[in-house]
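Chains as they are written, first to last, in our numbering: chain Z, 9 to 160; chain A, 3 to 598.
One should not assume that every hint holds.
Stated by the list, open to error - Straight-line Cα separation of at most 25 Å, BS3-like style, residue types lysine-lysine; simulated pairs:
| hint | chain 1 | residue 1 | chain 2 | residue 2 |
| --- | --- | --- | --- | --- |
| 1 | A | 244 | A | 274 |
| 2 | A | 585 | A | 547 |
| 3 | Z | 102 | A | 466 |
| 4 | A | 171 | A | 274 |
| 5 | A | 34 | Z | 108 |
| 6 | A | 466 | A | 187 |
| 7 | A | 376 | A | 451 |
| 8 | Z | 133 | A | 451 |
| 9 | A | 213 | A | 247 |
As the list claims (entries may be wrong) - If you want a taste of the chain A side facing chain Z, the calculated C-beta under 8 Å gives, among others:
| hint | residue |
| --- | --- |
| 10 | 446 |
| 11 | 450 |
| 12 | 453 |
| 13 | 457 |
| 14 | 572 |
If you're looking for bench data, these hints aren't it; they were derived computationally from the structure.
Cβ coordinates follow ideal geometry from the N, Cα and C atoms, glycine included.
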Amino acid sequence: MAKEVSEEEKRVEEFEPLIVAFCCNWCSYAGADLAGTSRFEYPPNMRIIRVMCTGRIDPTFVLEALSMGADGVLVAGCHPGDCHYQKGNYMMEKRFSYIKRAVESIGIEPDRVRLEWISASEGGKFAALVREMTEQVRQLGPSPFRLTHDPK
Amino acid sequence: MKEEPRVGVFICHCGVNIGGVVNVPETTEYAKKLPYVAYAEHNLYTCSEAGLAAIKKAIEEYNLNRVVVASCTPRTHEPLFRSACQEAGLNPYLFEMANIRDQCSWVHVHEPERATAKAKDLVRMAVAKAALLEPQIEPEVEVRDTSLVIGAGIAGMTAALSMANQGFKVYLIEREKEPGGIVRKLYKLYPTLVDSSEVVDPLIEAAGSHKNIEFMSSTTLKEISGYVGNFDAVLTSPDGDKEVKVGTIIVACGALNYRPPMGLYQYEVYDKVITQEELDGILRRGNLGKPERIVMIQCVGARKGEIRPSELEAFPRSDTAELLRKILRARKEEGWPYCSRICCMNAIKNAILVKEQSPRTDVVILFGDLRVYKEYEDFYRKARDLEVRFIRHVEEAPPEITQTPDGRLEVMAYDSLSGLEVKFPADWVALSTPLRPRRGEVMHARMLKIPIGTDGFLMEAHLKLRPVDTNVDGIFIAGTVSGPKDVSESIISAKAAAARASILMGNRKVRAEAITAVVDEDLCIGCGLCEEICPYGAPRIENQKSEIREILCRGCGSCAAECPRRAITMRHFGDHQVLAQVKALLIPESLEEVGS
Numbered sequence: 009m010a011k012e013v014s015e016e017e018k019r020v021e022e023f024e025p026l027i028v029a030f031c032c033n034w035c036s037y038a039g040a041d042l043a044g045t046s047r048f049e050y051p052p053n054m055r056i057i058r059v060m061c062t063g064r065i066d067p068t069f070v071l072e073a074l075s076m077g078a079d080g081v082l083v084a085g086c087h088p089g090d091c092h093y094q095k096g097n098y099m100m101e102k103r104f105s106y107i108k109r110a111v112e113s114i115g116i117e118p119d120r121v122r123l124e125w126i127s128a129s130e131g132g133k134f135a136a137l138v139r140e141m142t143e144q145v146r147q148l149g150p151s152p153f154r155l156t157h158d159p160k
Numbered sequence: 003m004k005e006e007p008r009v010g011v012f013i014c015h016c017g018v019n020i021g022g023v024v025n026v027p028e029t030t031e032y033a034k035k036l037p038y039v040a041y042a043e044h045n046l047y048t049c050s051e052a053g054l055a056a057i058k059k060a061i062e063e064y065n066l067n068r069v070v071v072a073s074c075t076p077r078t079h080e081p082l083f084r085s086a087c088q089e090a091g092l093n094p095y096l097f098e099m100a101n102i103r104d105q106c107s108w109v110h111v112h113e114p115e116r117a118t119a120k121a122k123d124l125v126r127m128a129v130a131k132a133a134l135l136e137p138q139i140e141p142e143v144e145v146r147d148t149s150l151v152i153g154a155g156i157a158g159m160t161a162a163l164s165m166a167n168q169g170f171k172v173y174l175i176e177r178e179k180e181p182g183g184i185v186r187k188l189y190k191l192y193p194t195l196v197d198s199s200e201v202v203d204p205l206i207e208a209a210g211s212h213k214n215i216e217f218m219s220s221t222t223l224k225e226i227s228g229y230v231g232n233f234d235a236v237l238t239s240p241d242g243d244k245e246v247k248v249g250t251i252i253v254a255c256g257a258l259n260y261r262p263p264m265g266l267y268q269y270e271v272y273d274k275v276i277t278q279e280e281l282d283g284i285l286r287r288g289n290l291g292k293p294e295r296i297v298m299i300q301c302v303g304a305r306k307g308e309i310r311p312s313e314l315e316a317f318p319r320s321d322t323a324e325l326l327r328k329i330l331r332a333r334k335e336e337g338w339p340y341c342s343r344i345c346c347m348n349a350i351k352n353a354i355l356v357k358e359q360s361p362r363t364d365v366v367i368l369f370g371d372l373r374v375y376k377e378y379e380d381f382y383r384k385a386r387d388l389e390v391r392f393i394r395h396v397e398e399a400p401p402e403i404t405q406t407p408d409g410r411l412e413v414m415a416y417d418s419l420s421g422l423e424v425k426f427p428a429d430w431v432a433l434s435t436p437l438r439p440r441r442g443e444v445m446h447a448r449m450l451k452i453p454i455g456t457d458g459f460l461m462e463a464h465l466k467l468r469p470v471d472t473n474v475d476g477i478f479i480a481g482t483v484s485g486p487k488d489v490s491e492s493i494i495s496a497k498a499a500a501a502r503a504s505i506l507m508g509n510r511k512v513r514a515e516a517i518t519a520v521v522d523e524d525l526c527i528g529c530g531l532c533e534e535i536c537p538y539g540a541p542r543i544e545n546q547k548s549e550i551r552e553i554l555c556r557g558c559g560s561c562a563a564e565c566p567r568r569a570i571t572m573r574h575f576g577d578h579q580v581l582a583q584v585k586a587l588l589i590p591e592s593l594e595e596v597g598s
């Protein structure tokens with residue numbers, strides 16, 4: 009007998025989340041490139057926007073992306089101590105705690121936003137992160153702000 | 003009036019690298035229908051001669067004022083495409099890339115349809131940003147043809163002479179009374195066994211008498227300001243302060259010959275337990291006598307302990323100095339994991355010298371690992387021929403030193419081959435200690451804003467591609483300040499650093515970063531937050547308004563994100579440009595509004 013699939017499970021299975029990633033040029037973007045060079049496969053649910061440093065990432069970038077319907081937002085930068093500009097990632101980390109609070113206050117699950125450190129040599133870690141985060145956001149379901157776009 | 007964007011889109015097959023997964027013709031057709039796109043084509047290799055020619059031709063033919071290339075990563079290919087734009091008369095900053103290979107076709111090999119959809123998204127996002135791009139200018143900076151070399155050891159003197167011989171004025175400073183650094187204190191150098199004085203003395207002589215070198219002993223760097231080509235340094239010595247104006251700086255302030263703490267391997271407990279440096283002194287003075295046996299122990303205070311990533315993550319967010327103090331503190335507690343490269347050869351050198359002075363002395367080298375690279379292998383064989391005994395001990399159980407009732411030393415270790423305990427009565431025990439970073443370097447690094455690596459040494463800009471550059475333009479590193487090196491390696495790095503500095507000074511000018519931050523004076527309230535957070539000291543508050551000195555700005559954009567009045571715009575990565583990409587992705591139909 010075929011296993012009964014609940015409406016909820018079906019919704020989770022069919023839903024393809026769309027995740028916006030802000031990556032710093034020197035570490036995380038390079039890590040994403042290395043995932044490619046190494047041919048590490050990951051689901052095509054993320055779109056990367058390159059900035060020079062995570063220090064550049066204004067909290068409004070994250071909030072705007074969510075308000076426009078992104079199902080998740082990733083901010084990825086250099087490991088602490090590795091910032092190309094010495095301390096941009098520390099500034100981002102400080103900001104991130106209030107980004108989380110702001111996200112929660114507008115009624116979005118804070119787990120939809122993540123801050124991760126990925127070095128230029130961590131292609132495998134990047135691919136694993138995309139896989140993991142895609143699943144995590146899939147479980148959360150579509151963003152309440154989702155408008156039209158479908159990455160299928 | 004702003005000209006209407008006319009974007010040309012060039013989509014690359016990259017052979018089968020992209021075209022084998024992403025439907026490139028379909029993506030090109032899609033691009034043609036996007037707003038602002040005046041022209042789109044696909045190429046087998048956009049980076050080829052033919053591909054670049056196609057870009058240039060299309061710029062002219064279709065009067066394009068923006069170019070998007072969808073291909074590989076901007077980290078490798080942006081400069082190439084930018085210069086193609088420039089050759090066609092377009093400002094190179096009116097160019098944008100979509101990465102549909104490294105971040106699309108290569109990672110979604112088994113999902114061609116979704117990969118194609120993603121490629122379309124990425125192209126649309128790039129077009130949205132391209133439409134908003136503005137021309138940027140790389141400011142040109144004058145470079146003074148003078149250099150400051152910090153440290154007059156073998157590396158510093160070599161670098162200073164190399165630049166002085168090319169006609170550049172060099173200020174060479176040394177914190178000690180005498181130049182020569184660590185090498186001057188050594189007896190003989192491996193693998194040639196020449197007296198160190200044969201290498202150092204001619205350098206001291208040449209550097210001291212060169213008309214282009216101003217040598218200052220007992221002098222240290224007190225203050226530094228400025229930027230590439232225009233550094234103002236305040237030097238301090240017992241005679242007072244002196245200001246020098248230089249175009250480049252070479253940091254060559256060396257490393258520390260590590261002295262073990264009291265009690266480590268009974269050092270300073272038994273007076274016959276000495277360091278290799280002290281044995282070197284005994285050999286130099288020729289008062290070794292005729293000892294029956296000398297035991298050497300390798301890796302004393304090296305290759306032990308490790309920095310755990312969690313430790314690093316727990317480091318403070320404040321400034322570099324605090325980070326460095328923590329690194330140094332962690333080192334003290336956990337050991338120093340790196341290999342110092344030179345200690346094995348130093349031990350073998352001293353073993354050979356002992357055999358020369360006293361052939362009947364039994365020399366035993368206890369090691370966990372022996373590293374004798376390149377031609378040094380011959381030196382190791384020479385020691386074996388002289389019957390120096392190399393015994394590998396079990397790494398987890400370091401040798402133990404005790405004193406026998408008759409006052410001699412006894413070294414006990416576990417032989418890793420037999421697994422058995424071995425005991426050596428010994429007249430002397432020599433400890434091979436590593437080169438370690440100096441605390442003084444920490445201060446230099448902090449002042450000069452050069453990052454420090456996890457081993458505590460100054461960090462190069464790129465381990466392989468830029469080994470003597472630092473992250474600060476115009477400042478270079480030579481010798482052991484960036485990690486243990488032997489004499490020949492120090493000289494190589496010194497000559498490399500001098501060559502890098504000479505390129506700048508010879509050209510007399512350098513192009514600076516165009517992607518910098520700019521302040522809108524009307525919005526700025528002069529709160530000073532940007533001044534506080536900038537790691538490069540670029541913003542300056544004057545008359546209650548912030549002004550960002552372009553030439554100091556490195557373009558991270560942190561000030562733009564932090565500014566409470568949103569008065570700071572990051573060129574090429576402006577709020578509107580980044581958000582246009584976000585919007586183009588999430589609300590595709592919004593692209594129409596971008597240019598308006």
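Going through the hints against the structure:
At roughly 46 Å between alpha-carbon atoms, residue 244 of chain A and residue 274 of chain A are farther apart than 25 Å, so this suggested pair is violated. Using a Cα cut-off of 25 Å, the hinted pair residue 585 of chain A and residue 547 of chain A is violated, with the two alpha carbons roughly 33 Å apart. Proposed proximity of residue 102 of chain Z and residue 466 of chain A is contradicted: the alpha carbons are some 33 Å apart, above 25 Å. Distance restraint check for residue 171 of chain A and residue 274 of chain A: the Cα-Cα separation of roughly 48 Å exceeds the 25 Å cut-off, and the hinted pair is therefore not satisfied.
With a CA separation close to 39 Å, the supplied pair residue 34 of chain A and residue 108 of chain Z exceeds the 25 Å bound. Of the pairs offered as hints, the one joining residue 466 of chain A and residue 187 of chain A is violated, with about 31 Å between alpha carbons and a cut-off of 25 Å exceeded. The straight-line distance between the Cα atoms of residue 376 of chain A and residue 451 of chain A is roughly 35 Å, outside the 25 Å bound, and the hint therefore fails. Restraint check for residue 133 of chain Z and residue 451 of chain A: the C-alpha separation of about 30 Å exceeds 25 Å, so the hint is violated.
Distance hint between residue 213 of chain A and residue 247 of chain A is fulfilled; the C-alpha atoms sit about 18 Å from each other, no more than 25 Å. At its closest, the beta carbon of residue 446 of chain A sits 15 Å from a beta carbon of chain Z; the interface hint therefore is violated under the 8 Å criterion. Taken as an interface hint, residue 450 of chain A does not check out: its beta carbon lies about 12 Å from the nearest beta carbon of chain Z, beyond 8 Å. With a cut of 8 Å, the hint placing residue 453 of chain A at the interface with chain Z holds, because the nearest CB-to-CB distance is about 7 Å.
Taken as an interface hint, residue 457 of chain A does not check out: its beta carbon lies about 12 Å from the nearest beta carbon of chain Z, beyond 8 Å. At a threshold of 8 Å, the smallest CB-CB gap from residue 572 of chain A to chain Z is about 6 Å, leaving the interface hint in force.
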